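Q: Sequences listed follow chains E and W, in order.
The opening residue of the first sequence carries number 1 in UniProt numbering; numbering runs sequentially from there.
The opening residue of the second sequence carries number 1 in UniProt numbering; numbering runs sequentially from there.
Just so you know, the hints here were simulated from the structure itself, not pulled from any lab data.
Among the clues, some could well be false.
Identical chains blur together in the list; that is why a pair holds if it fits in one copy or across any two.
[Unchecked claim] DMTMM-like mimics (lysine to aspartate or glutamate), calculated; alpha carbons at most 25 Å apart, straight line:
#1 Lys406 to Glu498
#2 Lys112 to Asp489
#3 Lys112 to Asp58
#4 Lys185 to Asp273
#5 Lys406 to Asp489
#6 Lys127 to Glu494
#7 Lys356 to Asp462
#8 Lys127 to Glu502
#9 Lys189 to Glu255
#10 Lys277 to Asp298
#11 Lys328 to Asp196
#12 Lys277 to Asp380
#13 Lys104 to Glu184
#14 Lys425 to Asp466
Note that the structure is predicted; figures quoted are calculated from it, not measured.
There are 2 protein chains.
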Amino acid sequence: MTTTPQSLFATHEATLRSAVEASRSRAYWSAFPEMPSPRAYGETAAADGEAAFAAHRDQPFALDQPGATKAPAGTLGGERSPFGFDLGITYPAPDIDALIGAAKAAMPGWRKAGPDGRAGVCVEILKRLNARSFEIANAVMHTTGQAFMMAFQAGGPHAQDRGLEAVAYGWKAMTDQAPAARWEKPQGKNPPLVMDKRFEVVGRGIGLVIGCATFPTWNGYPGLFASLVTGNAVIVKPGPTAILPLAITVRVAREVLAEAGLDPNLVTLAVGDTIAKDLALRPEVTLIDYTGSTGFGDWLERNAHQAQVYTEKAGVNSVVIDGTDDPKGMVRNLAFTLSLYSGQMCTTTQVIFVPKDGIQAGAERMGFDQVVAVLAGGVDKFLSDPERAVEVLGAIQSDATLSRIKEASKLGTVALPSRAVVHPKFPEARVRTPLILTMDAKEEDKYGHELFGPIAIVVKTDSTADSLERAARLTRTRGALTAGLYSTDPALIEQATEAFVEAGVALSVNLTGGVFVNQSAAFSDFHGTGANPAANAALCDLAFVANRFRVVQSRVPVVAEAAP
Amino acid sequence: MTTTPQSLFATHEATLRSAVEASRSRAYWSAFPEMPSPRAYGETAAADGEAAFAAHRDQPFALDQPGATKAPAGTLGGERSPFGFDLGITYPAPDIDALIGAAKAAMPGWRKAGPDGRAGVCVEILKRLNARSFEIANAVMHTTGQAFMMAFQAGGPHAQDRGLEAVAYGWKAMTDQAPAARWEKPQGKNPPLVMDKRFEVVGRGIGLVIGCATFPTWNGYPGLFASLVTGNAVIVKPGPTAILPLAITVRVAREVLAEAGLDPNLVTLAVGDTIAKDLALRPEVTLIDYTGSTGFGDWLERNAHQAQVYTEKAGVNSVVIDGTDDPKGMVRNLAFTLSLYSGQMCTTTQVIFVPKDGIQAGAERMGFDQVVAVLAGGVDKFLSDPERAVEVLGAIQSDATLSRIKEASKLGTVALPSRAVVHPKFPEARVRTPLILTMDAKEEDKYGHELFGPIAIVVKTDSTADSLERAARLTRTRGALTAGLYSTDPALIEQATEAFVEAGVALSVNLTGGVFVNQSAAFSDFHGTGANPAANAALCDLAFVANRFRVVQSRVPVVAEAAP
């Protein structure tokens with residue numbers, strides 16, 4: 001049987017409907033197994049993925065996209081693993097006019113595939129990506145510095161779930177109105193007015209996805225699939241240090257499109273240090289998805305007037321500690337949060353507000369200094385075994401973060417110094433443990449802006465009310481993707497929930513077990529809200545998809561048939 | 001029984017569900033009777049409405065909103081009926097800081113009313129407005145120049161239907177995800193992770209509605225109700241010549257809000273010539289709905305970075321005539337379209353493309369000149385009886401349009417001159433019939449930009465293919481809200497439909513009866529597409545509402561109960 005968009009829809013319709021239902025109910029659901037187990041992925045999957053990654057190294061990455069051969073500057077690349085070796089991969093330098101021309105030419109055929117057909121193709125791309133999760137995990141690990149397990153989960157199945165979520169939302173939004181209707185308006189004693197109407201979903205143009213250095217697939221897939229499923233072409237511009245995961249993604253997407261009889265130029269790759277600005281201002285580019293620095297995000301929002309711009313930028317995430325009846329669980333939970341991927345997550349807690357008079361911890365009072373001590377001790381103990389530590393910490397992604405750790409240690413009183421850990425397998429990997437500082441609440445000029453990386457500050461406040469007021473204000477002024485609260489007082493929890501709703505940030509309360517403030521689950525947790533400066537959109541909701549397409553109608557009168 | 005948001009939701013839930021269902025099916029539906037009949041509105045409704053309008057005249061318009069008494073400049077007004085008399089109404093000069101402060105203070109209570117409660121309140125406001133349709137019709141008539149029947153229908157029930165449509169879409173979008181969920185993630189042999197989650201809908205801030213001179217309620221209600229139902233406060237800034245219809249609207253909204261125990265400052269009025277720019281750049285203003293000139297619309301899109309901006313601007317609407325088997329019906333239909341409200345609709349056809357070799361009209365060929373002659377003759381005949389003519393034409397809204405008619409007559413060959421008609425009831429009314437010109441296709445510099453008012457140009461093209469190419473290009477470059485086609489060739493109709501879908505404009509085919517290209521029906525026809533320069537949004541779809549609110553979540557672990 002020939003593969004068509006419609007046949008792919010038939011194959012994946014049940015998955016799609018489950019995804020739509022999960023995104024409504026917000027109960028637990030996932031389409032892609034998160035454990036890298038042979039049972040889920042096959043006996044040879046791990047070895048195959050490692051071999052596929054090895055085969056990419058020291059080679060040109062072949063991509064048969066337009067302009068690749070006649071590009072002026074030849075090839076680009078230069079990725080280096082934070083675990084200590086060069087990838088040696090080169091990519092075709094993009095010919096922007098050729099990519100844009102090819103993308104525009106591909107769009108009418110993509111429109112005609114219709115909402116169902118496009119959704120079917122997109123789910124098929126995601127399933128193919130899932131099958132390559134080990135290869136992608138290695139690519140993510142050795143570009144971002146994530147340890148393997150995280151690179152597999154966040155870079156593979158969790159990213160694919162976020163992509164599927166975007167497909168499901170896009171499909172739901174596109175099919176919100178009937179594709180055709182008979183409209184019959186009564187006219188009293190006269191015959192009714194009767195019209196046949198058609199409602200066509202039309203993509204807005206070309207989507208540009210600007211990838212980030214730390215989560216190229218997880219942060220890239222929502223925009224990529226939201227734009228693609230809604231009828232647009234997509235040009236993927238990876239961050240210069242994390243190209244490979246998105247290059248593999250583009251290649252897989254092109255393969256599936258071609259197999260389904262569609263133009264593969266609907267998805268292309270544009271590698272280059274300075275081309276993001278050029279692409280972002282092109283009139284053909286009507287959608288931009290961006291994750292990265294506030295500076296460039298603000299520039300996009302203020303200059304790319306022709307496009308709908310979705311940004312995720314910097315923020316300062318807070319946790320407010322009022323009290324807990326499980327101090328050990330709290331410390332264990334926070335230690336993991338601060339350590340995971342060396343705090344290089346946009347969702348990692350940076351500021352922990354503790355009242356100067358301390359907290360109620362189970363049966364006893366715990367002074368401010370004691371809270372700091374148990375937290376520092378908890379992190380230190382959690383990372384005491386190097387073999388285990390490196391599997392949580394991963395490696396430091398950028399030189400800038402390395403320097404930041406050094407500089408930050410001068411900002412306040414050091415409660416726990418950051419130390420280098422020698423990676424048992426990769427001796428050249430740059431591994432660092434979290435730095436924990438203490439500061440006074442009034443030193444907001446030091447702790448109140450993003451210090452990206454393994455840097456946490458315990459801030460001494462007058463009271464929990466003071467903590468809440470400060471955390472909410474930081475969220476409103478500096479942005480935040482996450483907030484946390486520990487308290488045993490139901491009234492205070494309700495009051496804090498209200499304060500964080502008004503500040504516009506997702507709140508996690510009393511996490512002491514296996515759920516962490518810096519992790520969100522597709523189909524249930526929204527990542528970001530769009531309601532504070534850290535992001536102007538959420539992953540994923542109706543607002544994230546509904547503005548990526550238009551509905552264009554036609555209508556024609558129905559002529560009454562002559563009586564027989 | 002006390003009126004509450006929840007009790008209003010209970011009262012109006014069936015209406016709301018019908019509106020949601022109609023907007024999905026796109027079949028005919030309306031909540032508000034469009035005929036100004038005593039049966040629908042009551043025996044005394046017409047007289048009561050006229051009396052209510054008369055009572056507004058030569059009076060200050062009382063509105064108990066913040067800052068009204070201490071406003072610096074006193075009062076503003078100066079509306080004059082295009083039918084020839086001053087309204088003599090004055091409005092409180094706004095104190096912008098007071099309005100913004102009061103709006104922000106009102107929002108938390110409005111959020112707590114929840115999606116259902118807010119929708120209930122909004123439908124109640126619309127029902128109250130409906131009961132005052134005669135009063136509003138008189139206000140619309142004597143600010144915009146619409147004839148009474150149109151002022152009633154478009155200014156009353158049709159505008160109310162468009163408002164209800166926005167409420168229905170907003171309610172649907174806000175309730176797209178469950179308000180709360182229990183999330184239970186399996187952990188193999190270990191107990192599952194269990195979290196309780198809440199998802200709160202939060203408005204983005206203050207919505208600013210900038211009204212237009214010709215359809216203050218019809219173009220104003222969608223933005224007003226879309227922003228309001230989604231949890232925002234709204235400041236209504238009417239066009240300086242059409243204040244009264246929106247002032248009445250604001251007063252009714254405030255009454256209903258207060259009766260439901262809510263803060264009436266959620267809806268306020270800001271009258272003034274130059275305050276739109278000041279308001280539009282305020283950081284508290286996060287949503288802007290604008291109908292008017294392309295110049296100010298572009299300025300808003302480029303400068304109000306803090307806000308989501310929805311604009312409807314200028315355009316050039318085309319009809320392509322290829323052939324017809326009902327030439328009389330075609331001419332009758334076009335004559336009405338060109339005459340209705342003297343062509344002062346953003347949806348009125350401006351350019352009619354006809355091939356130089358003429359068209360097939362029923363059994364015979366009709367040359368280009370003959371097409372022009374029957375069209376000019378049809379319009380002339382349709383408007384030959386002054387008493388009937390004024391009920392279609394209404395009056396010319398602005399001096400600028402009066403001058404434009406005069407200037408335009410020099411642009412091409414006059415096929416039908418515009419003439420003044422003496423209004424039997426209002427001798428000072430400025431009534432004008434449509435001017436019809438002919439031009440050659442190459443004179444696009446003359447016909448290819450908006451000539452707002454009763455000005456139509458029949459353009460001579462090489463062929464229907466040429467006509468289609470030109471109409472589609474005009475749409476893409478200059479924008480259009482409507483397009484029309486007359487053809488008896490099914491293949492050509494399909495090809496033209498495709499061309500107009502790609503150009504991004506709604507197409508009406510072979511209209512010869514009681515449906516007109518310049519009219520759209522709420523719940524079935526989208527007004528505008530957002531896919532060409534005439535508008536960046538459609539009334540009304542998911543994209544129009546989904547970005548007006550945010551979802552903010554909180555989550556807390558469910559602690560396993562001890563076994564009994």
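Q: Each hint needs a verdict: does it hold in this structure or not?
A: Comparing the hints with the structure gives:
In the homo-oligomer, the alpha carbons of lysine 406 and glutamate 498 never lie at most 25 Å apart, since the shortest distance is 37 Å inside one protomer and 61 Å across protomers. Taking the closest pair of Cα atoms, lysine 112 and aspartate 489 come within 25 Å of each other only across two copies (22 Å); inside a single copy the shortest separation is 57 Å, beyond that limit. Taking the shortest alpha-carbon separations for lysine 112 and aspartate 58, neither the intra-copy value of 40 Å nor the inter-copy value of 59 Å comes in at or below 25 Å. Taking CA atoms no more than 25 Å apart as the test, lysine 185 paired with aspartate 273 passes in neither setting, with 58 Å inside one copy and 41 Å between copies.
Proximity of lysine 406 to aspartate 489 under the C-alpha cut-off of 25 Å is found in neither arrangement, the shortest distances being 38 Å within a copy and 75 Å between copies. Taking the shortest Cα distances, lysine 127 and glutamate 494 never come within 25 Å of each other, neither inside one copy (42 Å) nor across copies (36 Å). Taking the shortest Cα distances, lysine 356 and aspartate 462 sit within 25 Å of each other inside one copy (6 Å), while across copies they are farther apart (84 Å). Proximity of lysine 127 and glutamate 502 under a CA criterion of 25 Å is satisfied in neither setting, with 39 Å inside one chain copy and 31 Å between copies.
Proximity of lysine 189 to glutamate 255 under the C-alpha cut-off of 25 Å is found in neither arrangement, the shortest distances being 60 Å within a copy and 39 Å between copies. Taking identical chains as interchangeable, the C-alpha atoms of lysine 277 and aspartate 298 lie at most 25 Å apart whether they share a chain (12 Å) or sit on different chains (22 Å). When the C-alpha separation of lysine 328 and aspartate 196 is checked against a cutoff of 25 Å, the pair qualifies only between copies, where the shortest distance is 22 Å, while the shortest distance within a copy is 67 Å. In this assembly of identical chains, the alpha carbons of lysine 277 and aspartate 380 never lie at most 25 Å apart, being 43 Å within a copy and 56 Å across copies at closest.
With identical chains, the CA atoms of lysine 104 and glutamate 184 are never at most 25 Å apart, being 38 Å at best within one copy and 44 Å at best between copies. For the identical chains of this complex, lysine 425 and aspartate 466 are neighbours neither inside a copy (46 Å) nor across copies (70 Å), given an alpha-carbon limit of 25 Å.
Violation of the numbered hints given earlier is confined to hints 1, 3, 4, 5, 6, 8, 9, 12, 13 and 14; the remaining hints are satisfied by the structure.
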